[in-house]
Each structure stands twice: as structure tokens, then as C-alpha cells.
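Next come the chains, spelled out residue by residue.
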Amino acid sequence: DAGITQSPRHKVTETGTPVTLRCHQTENHRYMYWYRQDPGHGLRLIHYSYGVKDTDKGEVSDGYSVSRSKTEDFLLTLESATSSQTSVYFCAISELGGTGNGYTFGSGTRLTVV
Amino acid sequence: GENVEQHPSTLSVQEGDSAVIKCTYSDSASNYFPWYKQELGKRPQLIIDIRSNVGEKKDQRIAVTLNKTAKHFSLHITETQPEDSAVYFCAAETLGSNYQLIWGAGTKLIIKP
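Just so you know, the protein sequences line up as chains A and B, in that order. For the first sequence, our numbering begins at 1 and goes up steadily by one. For the second sequence, our numbering begins at 1001 and goes up steadily by one.
There may be inaccurate statements among the hints.
What the hints assert, rightly or not - Away from chain A, derived, C-beta distances all over 12 Å, residues of chain B:
id	residue
1	Q1006
2	S1009
3	G1016
4	A1019
5	V1020
6	K1022
7	Q1038
8	R1043
9	Q1045
10	V1087
11	Q1100
12	K1112
What the hints assert, rightly or not - Derived DSS-like pairs (lysine-lysine); straight-line CA-CA distance at most 30 Å:
id	chain 1	residue 1	chain 2	residue 2
13	B	K1071	A	K70
14	A	K11	B	K1057
15	B	K1112	A	K57
16	A	K57	B	K1058
These are calculated hints, taken from the structure and not from any lab test. Ideal Cβ placement from N, Cα and C applies to all residues, glycine included.
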């Protein structure tokens, strides 16, 4: 569906452990984004990428890092997970950035930090 | 930078009635405004969008209007049905670093039977 998959779909991890979420696309889109969604906060941008090895911070980037070594994969890493990072994480892709055809979202990863 | 405000945060309408959700934006240079629908437990999905050279766009029961002078745009849903119950997000394109969408906080639309 829409050429974007996220893995894992669900994860429970312990405080202090590193966690990596994967976003994989088959659309060859240039732009990829990681968002977190929490009740009452809508969609908040964590990091985004505008090309291989080209990434930038979003509004809630503290405690997160990303990597994009090839067009199709965008990894989000929580260096040392905290309970405040319990959230639903969405990856999105876009061919032309915000303009053009908008974003296509993955199905999300529900992360629980205990 | 761009800021998008969305109202109301919750909207409850009787089935069959119309629903209107409004968004305002701050950057007059923005020229692309999409709307997304997110059903419970699902991903946000694009339902309609509008560009600044157009004042209104329709797709069956949904329509979007844009007033560039006032810097606001609205989503209109007519003849609402139970499957319209969802959270709706508006967004506006920013021409800042690398073209991004700036998001509204979302509107929870409840359709009462």
C-alpha cells in the first residue's frame, strides 16, 4: 500500500535501551520524514531528510537521531529510550517536499517505553 | 516561520448535516494547502488539497476553500455520514528550508446518528 512500510509495527522496550525504527519506501521519493503523534499534540516533526545523507532537525529532535544511507531507507534511533518517548511514530514520504502531491504516511509504529 | 492554527478542536454534527473546519496560516508566501483524514488507529491520508491559484476545489461531498487575502482555508463536508468520523488535519507549505508542511493541531469530527 502506497510503497511505504514501517517496522516494527509495535515495540515495547525498557528505559535506557537504544531503539531503532525503520522506514522503507519503494517510490524513490527524495523527501522522508519522521513524526511522533501524541494525544493533544497532533503531528510533530522529529527529523527529516531531503536526500541521501542529507538530514535536518524538526521541532522535537532532542533524544533522537536519524540516518539515510540510501534513498529507500530512513532510520530513526532513540539513543536511550525514556518514558516520554512512548508514542506513535509515523514516517512519511514526499516526491517534492511540501509542495506537489503532499505526503504519504506509513502505517505507524507504536512504541512503549517501560 | 509558518504557523497554522486549526479550529475547532472537536466538532460534533448530526448525521446528514454539514461540517466546516477552518485553518489560518501566517506565511503569505505559502501556496499549497492539503487536508488529511486520520481514522482511529490508522495513518493520516490525503483527502483533498488546494493551491493558491484556485479559490475552491470540490470532490464529491468534500470541498476546500482558500482566501489568500485573509490567509485562511476551510474544509467543508456535506451530507455527513458515520464514516466521516475521524481526526482531520490541515497543513500549509512553508518555503523555508527544503519545503515542508506545517500542520494544524487537528479536529476531531464526531458524527451523531
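Quiz item: Does the claim that B:Q1100 lies off the interface hold, with its Cβ farther than 12 Å from every Cβ of chain A?
Solution: violated, 5 Å
Practice problem: Take a quick look at B:V1020 and tell me if its Cβ sits farther than 12 Å from every Cβ on chain A, holds or violated. | Solution: Check passes; 19 Å lies beyond 12 Å.
Quiz item: Was B:Q1045 rightly flagged as not at the interface, with every chain A Cβ beyond 12 Å?
Solution: violated, 7 Å
Quiz item: Are the Cα atoms of A:K11 and B:K1057 separated by 30 Å or less?
Solution: With a Cα-Cα distance of about 41 Å, the restraint between A:K11 and B:K1057 is violated, given a limit of 30 Å.
Quiz item: Any Cβ of chain A at or closer than 12 Å to B:R1043, or is the non-interface label fine?
Solution: violated, 4 Å
Exercise. With 12 Å as the threshold, tell me whether B:V1087 passes as away from chain A on beta-carbon distances.
Key: Given that some Cβ of chain A is not farther than 12 Å from that of B:V1087, nearest at about 9 Å, it is violated.
Quiz prompt | Beyond 12 Å from each Cβ of chain A, as asserted for B:A1019 | solution = holds, 19 Å
Quiz prompt | Agreement of A:K57 and B:K1058 with the hint, judged by alpha carbon distance not exceeding 30 Å | solution = It is violated: about 35 Å lies between the C-alpha atoms, which goes past 30 Å.
Quiz item: Can the restraint linking B:K1112 and A:K57 be considered satisfied, given a maximum Cα separation of 30 Å?
Solution: violated, 41 Å
Quiz item: For the pair supplied as a hint, B:K1071 and A:K70, is the alpha-carbon distance within the 30 Å limit?
Solution: violated, 38 Å
Practice problem: Grab the minimum beta-carbon distance between B:K1112 and chain A and tell me whether it stays above 12 Å. | Solution: holds, 22 Å
Self-check item: Whether B:Q1006 stays farther than 12 Å from all C-beta atoms of chain A, as the label says
Solution: violated, 8 Å
Of the hints listed earlier, those the structure fails to meet are numbers 1, 2, 7, 8, 9, 10, 11, 13, 14, 15, 16, in rising order.
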